[in-house]
Amino acid sequence: MCLAIPGRIVSIHGHDLQRTGRVNFSGVIRDVNLSCVPEAEVGDYVLVHVGLAISRVDEVEAERILEHWRQMGEGPEAEGAMS
Amino acid sequence: MKYLDEYRSAELVGNLVRAIRSAVTHPWTIMEICGGQTHAILRFGLDELLPPQITLVHGPGCPVCVTPVSLLDAAGRLARMPGLILCTFGDMLRVPGTQGGLFQARAEGGDVRIVQSPSEAVRIAEQNPNRQVVWFAVGFETTAPATALAVKQARLRRLDNFSVLLAHVRVPPAMEAILSSPSNRVQGFLAAGHVCTIMGTAEYEDLARRFHVPIVVTGFEPCDILEGILHCVRQLEAGRHEVENVYSRVVRSNGNRQAQALMAEVFRPVDLAWRGIGSLSGGGLAFTPEYESFDAVSRFGPCEPAATGGPFSLADTGRNQEDCIAALVLQGIRKPNECPAFGVRCTPETPLGAPMVSSEGACAAYYRYRHRESYLATVTPP
Amino acid sequence: MTSLVCPNPFEESGRVLLAHGGGGRLMHRLIESVFRPALGNATDLDAAVLPPTNGRLAFTTDSFVIKPLFFPGGDIGSLAVHGTVNDLAMMGARPLWLSVGFILEEGLPLETLKRIVASMRQAAQAANVQVVVGDTKVVEHGRCDGLYVNTSGIGVLGHDRVLGPQAVREGDAILLSGDVGRHGIAVLAARNELEFEVPVRSDSASLSQPVLDLLEAGVEVHCLRDLTRGGLATALVEIARSSALHLHIHEESVPVQDAVRGACELLGFDPLYVANEGCMVVILPEAEAERALTRLRQHEVTAQAVRIGTVLADPPGAVTTTTALGSRRVLDMLSGEQLPRIC
Numbered sequence: 001m002c003l004a005i006p007g008r009i010v011s012i013h014g015h016d017l018q019r020t021g022r023v024n025f026s027g028v029i030r031d032v033n034l035s036c037v038p039e040a041e042v043g044d045y046v047l048v049h050v051g052l053a054i055s056r057v058d059e060v061e062a063e064r065i066l067e068h069w070r071q072m073g074e075g076p077e078a079e080g081a082m083s
Numbered sequence: 001m002k003y004l005d006e007y008r009s010a011e012l013v014g015n016l017v018r019a020i021r022s023a024v025t026h027p028w029t030i031m032e033i034c035g036g037q038t039h040a041i042l043r044f045g046l047d048e049l050l051p052p053q054i055t056l057v058h059g060p061g062c063p064v065c066v067t068p069v070s071l072l073d074a075a076g077r078l079a080r081m082p083g084l085i086l087c088t089f090g091d092m093l094r095v096p097g098t099q100g101g102l103f104q105a106r107a108e109g110g111d112v113r114i115v116q117s118p119s120e121a122v123r124i125a126e127q128n129p130n131r132q133v134v135w136f137a138v139g140f141e142t143t144a145p146a147t148a149l150a151v152k153q154a155r156l157r158r159l160d161n162f163s164v165l166l167a168h169v170r171v172p173p174a175m176e177a178i179l180s181s182p183s184n185r186v187q188g189f190l191a192a193g194h195v196c197t198i199m200g201t202a203e204y205e206d207l208a209r210r211f212h213v214p215i216v217v218t219g220f221e222p223c224d225i226l227e228g229i230l231h232c233v234r235q236l237e238a239g240r241h242e243v244e245n246v247y248s249r250v251v252r253s254n255g256n257r258q259a260q261a262l263m264a265e266v267f268r269p270v271d272l273a274w275r276g277i278g279s280l281s282g283g284g285l286a287f288t289p290e291y292e293s294f295d296a297v298s299r300f301g302p303c304e305p306a307a308t309g310g311p312f313s314l315a316d317t318g319r320n321q322e323d324c325i326a327a328l329v330l331q332g333i334r335k336p337n338e339c340p341a342f343g344v345r346c347t348p349e350t351p352l353g354a355p356m357v358s359s360e361g362a363c364a365a366y367y368r369y370r371h372r373e374s375y376l377a378t379v380t381p382p
Numbered sequence: 001m002t003s004l005v006c007p008n009p010f011e012e013s014g015r016v017l018l019a020h021g022g023g024g025r026l027m028h029r030l031i032e033s034v035f036r037p038a039l040g041n042a043t044d045l046d047a048a049v050l051p052p053t054n055g056r057l058a059f060t061t062d063s064f065v066i067k068p069l070f071f072p073g074g075d076i077g078s079l080a081v082h083g084t085v086n087d088l089a090m091m092g093a094r095p096l097w098l099s100v101g102f103i104l105e106e107g108l109p110l111e112t113l114k115r116i117v118a119s120m121r122q123a124a125q126a127a128n129v130q131v132v133v134g135d136t137k138v139v140e141h142g143r144c145d146g147l148y149v150n151t152s153g154i155g156v157l158g159h160d161r162v163l164g165p166q167a168v169r170e171g172d173a174i175l176l177s178g179d180v181g182r183h184g185i186a187v188l189a190a191r192n193e194l195e196f197e198v199p200v201r202s203d204s205a206s207l208s209q210p211v212l213d214l215l216e217a218g219v220e221v222h223c224l225r226d227l228t229r230g231g232l233a234t235a236l237v238e239i240a241r242s243s244a245l246h247l248h249i250h251e252e253s254v255p256v257q258d259a260v261r262g263a264c265e266l267l268g269f270d271p272l273y274v275a276n277e278g279c280m281v282v283i284l285p286e287a288e289a290e291r292a293l294t295r296l297r298q299h300e301v302t303a304q305a306v307r308i309g310t311v312l313a314d315p316p317g318a319v320t321t322t323t324a325l326g327s328r329r330v331l332d333m334l335s336g337e338q339l340p341r342i343c
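If you read the sequences in order, they're chains A, B and C. When the count follows our numbering, it moves up by one through the first sequence with no breaks and lands on 83 for the last residue. When the count follows our numbering, it moves up by one through the second sequence with no breaks and lands on 382 for the last residue. When the count follows our numbering, it moves up by one through the third sequence with no breaks and lands on 343 for the last residue.
It should be emphasised that the hints constitute simulated quantities derived from the structure, not laboratory data. Values in this document were obtained by computation on a predicted structure and should not be read as measured data. Wrong hints could be hidden among the right ones.
[What the hints assert, rightly or not] Result set (EDC-like, lysine to aspartate or glutamate): computed pairs, CA atoms no more than 16 Å apart in a straight line: (1) B:Lys152 <-> B:Asp295; (2) C:Lys137 <-> C:Glu105; (3) B:Lys152 <-> B:Glu120; (4) B:Lys152 <-> B:Asp323; (5) C:Lys137 <-> C:Asp179; (6) B:Lys335 <-> B:Glu349; (7) B:Lys152 <-> B:Glu126; (8) B:Lys152 <-> B:Glu265; (9) C:Lys137 <-> C:Asp46; (10) B:Lys2 <-> A:Glu61; (11) B:Lys2 <-> A:Asp44; (12) B:Lys152 <-> B:Glu292; (13) C:Lys67 <-> C:Glu32; (14) B:Lys2 <-> C:Asp258; (15) C:Lys114 <-> C:Glu32; (16) B:Lys152 <-> A:Asp16; (17) C:Lys67 <-> C:Asp145; (18) B:Lys2 <-> A:Glu39; (19) B:Lys2 <-> C:Glu265; (20) B:Lys2 <-> A:Glu63; (21) C:Lys137 <-> C:Asp44; (22) B:Lys335 <-> B:Asp47; (23) B:Lys2 <-> A:Asp58; (24) C:Lys67 <-> C:Glu193.
Can you make the complete structure from the sequences, with help from the hints?
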């Protein structure tokens, strides 16, 4: 229902409804409307759906869950062989 | 790609699968609401990594599957109007209405254009001042704010040749309908992470409490989906039924305030007959009086009444061909291969209903794996 | 003395006119000033007379209606040559002669036509093949999109085998000559639906050199297939169905450029189904795999050649992959071309 991809804000221009960012998606550059993420600045990653940034990626949360999954590997369940 | 590749790591997937295997002691039926989640499950073969006790049911979270036939036919009629330009997402081109889909309308000379965003449709209207441009607005709460934004941009630029065929839909009423059905088999939900990025999680607290089902807000990459399943299974095993958010890198519990404000200004919830499920109260969106002038139906003439029949009347399940059981498949009550027409009269090339058209539709997914047992059983990857 | 410049009706408009297709003076002038310089050895007789050759002939035809006419890494002219040459190469034939038919839209700038025909000449020279006969027609403005090209090609087979799916055997190795998806994404960029930090260039190129090199080195090849509109997945499904065997690949081994992967994520495309124009699958006995890879990697167009999988017996007609996660997936033919999706 909603393909949304994270990209890095390269530059920002305009304001309010027209606040727009040049956003880099692994080499693809797109103009993205940033009016719904006023807190997002150049260098931030935003989640973009149909040309609209709908959230700023929380880099702390993003790393925390990865670390949590890595530690799972060392936990007691780790011994259970994956069939 | 940053924030994608890390969540597709085989090592982390392995850790999660092991955790799920040791957490599950009973059979559980879990529905992933969103077509995007279904796509990830199929593309990465996640269901094959799960223990057999877990059954995944593909939910109705795909605009191709649930957009009412009446609106599809209206889009086809608009596209055939001389001089009119109909803008749509690529997803909707192959979906069968009663007069073929939009591919058919285009083949008959209609000007149907695929766009990547609603604002692109506004740009097309600006570039073609003497032609009427209609944006076919499908999609869930994730996509509705972008339509609202486009409408406000059109108003700012005083474009009188831009209008919207509204087909946006809301998730909670569909979940309520599935849970209220006496034959419902679904015991836990993976909520659509990107809908919750907009709406937050509050709307689901009431459903979890009333129907005693765990609802886990889940992302779209393999690790995200497995994390959602793990938390759902842990709740089911412990008899808990809470709303949990495991996609916290983008979903905040109160969602996106600005996007919600945009929607509240431009839209209001209305009843709508979802294809395959029937009429849902508050299942659709209409314009608020202030933006009513942008409504394509009032501008170009009515299409069939949108909401007919009771919550579960199959009378107007959006008129798939009569023998299509999309309603039962979309609610997890029947599996696609339990349908007599499946793979015989109903194939991706000759779809009877929308779940066979969309590449993520439950029936299309099962069709692709129709010989699954024989395909995969003999494969011993060298 | 200032030279008298008489207003020459031909130069002044700078565009293709209906009259250019009329068989009269304007058409001959078009041939002399546009086609002759680029495709010198094409005859102006009704047909080319070809010398006898020893060995069986391969004969193919193709049409090119790509829009836009120019894209990063190529244009309709070079694409027409590469596409035709590659069809011959996939039979293991040495490409010799091409025919080229143009359908021009009234109003097409002559400059555009000159650029395309020059590009065609370069591509033919690089693939060392000759355009020996041509034809031009002009249609009213609006009845075609600038320019369409139809080609046919003749090549000679230096071997007596018939390459193709029917020659594929269980246990054969499946090789891929390069990264996938670049052509489809480059065309989308040219239609300014996509913008890139570093442009993605189409992989449009001739594959005849590496193929002939393999055959002349005596490598036993069972089947060659150039990947076009339906991408790698569709080519594999076609081979699996006509050989009634089961093609199994490892998705992780299929090279995809980062920018192409990024574009596919954004559009909701699967790179295995995105178009290519200079990439092929080579299916041959397991024992020949290493030798073939070494030879292929000596050619620029196939420098990234890699093994991606193996031919199995059952179930017949299937194509499956092992994903990066170790799970398995079935590849089917799409019912139409991939469309950008939001769900």
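Here is what the structure says about each hint:
1. B:Lys152 <-> B:Asp295: This hinted pair holds, its Cα atoms lying about 13 Å apart.
2. C:Lys137 <-> C:Glu105: holds, 9 Å
3. B:Lys152 <-> B:Glu120: Holds, at roughly 13 Å.
4. B:Lys152 <-> B:Asp323: violated, 42 Å
5. C:Lys137 <-> C:Asp179: violated, 37 Å
6. B:Lys335 <-> B:Glu349: Between Lys335 of chain B and Glu349 of chain B the Cα gap is close to 20 Å, so the pair fails against 16 Å, i.e. violated.
7. B:Lys152 <-> B:Glu126: holds, 14 Å
8. B:Lys152 <-> B:Glu265: Holds: Lys152 of chain B and Glu265 of chain B sit about 10 Å apart, inside 16 Å.
9. C:Lys137 <-> C:Asp46: holds, 15 Å
10. B:Lys2 <-> A:Glu61: Holds: Lys2 of chain B and Glu61 of chain A sit about 14 Å apart, inside 16 Å.
11. B:Lys2 <-> A:Asp44: holds, 12 Å
12. B:Lys152 <-> B:Glu292: Answer holds: Lys152 of chain B to Glu292 of chain B is near 12 Å, not above 16 Å.
13. C:Lys67 <-> C:Glu32: violated, 27 Å
14. B:Lys2 <-> C:Asp258: holds, 11 Å
15. C:Lys114 <-> C:Glu32: holds, 12 Å
16. B:Lys152 <-> A:Asp16: holds, 12 Å
17. C:Lys67 <-> C:Asp145: Given that 16 Å is the threshold and the Cα spacing comes to 8 Å, the pair holds.
18. B:Lys2 <-> A:Glu39: Given pair Lys2 of chain B, Glu39 of chain A is violated - Cα atoms ~20 Å apart, limit 16 Å.
19. B:Lys2 <-> C:Glu265: Since the Cα atoms of Lys2 of chain B and Glu265 of chain C sit roughly 12 Å apart, the hinted pair holds (cutoff 16 Å).
20. B:Lys2 <-> A:Glu63: Holds, because 12 Å separates the two Cα atoms, which is no more than 16 Å.
21. C:Lys137 <-> C:Asp44: With a Cα-Cα distance of about 15 Å, the restraint between Lys137 of chain C and Asp44 of chain C holds, given a limit of 16 Å.
22. B:Lys335 <-> B:Asp47: The hint holds at about 15 Å.
23. B:Lys2 <-> A:Asp58: holds, 13 Å
24. C:Lys67 <-> C:Glu193: Given pair Lys67 of chain C, Glu193 of chain C holds - Cα atoms ~13 Å apart, limit 16 Å.
In summary, the numbered hints that this structure violates are 4, 5, 6, 13 and 18.
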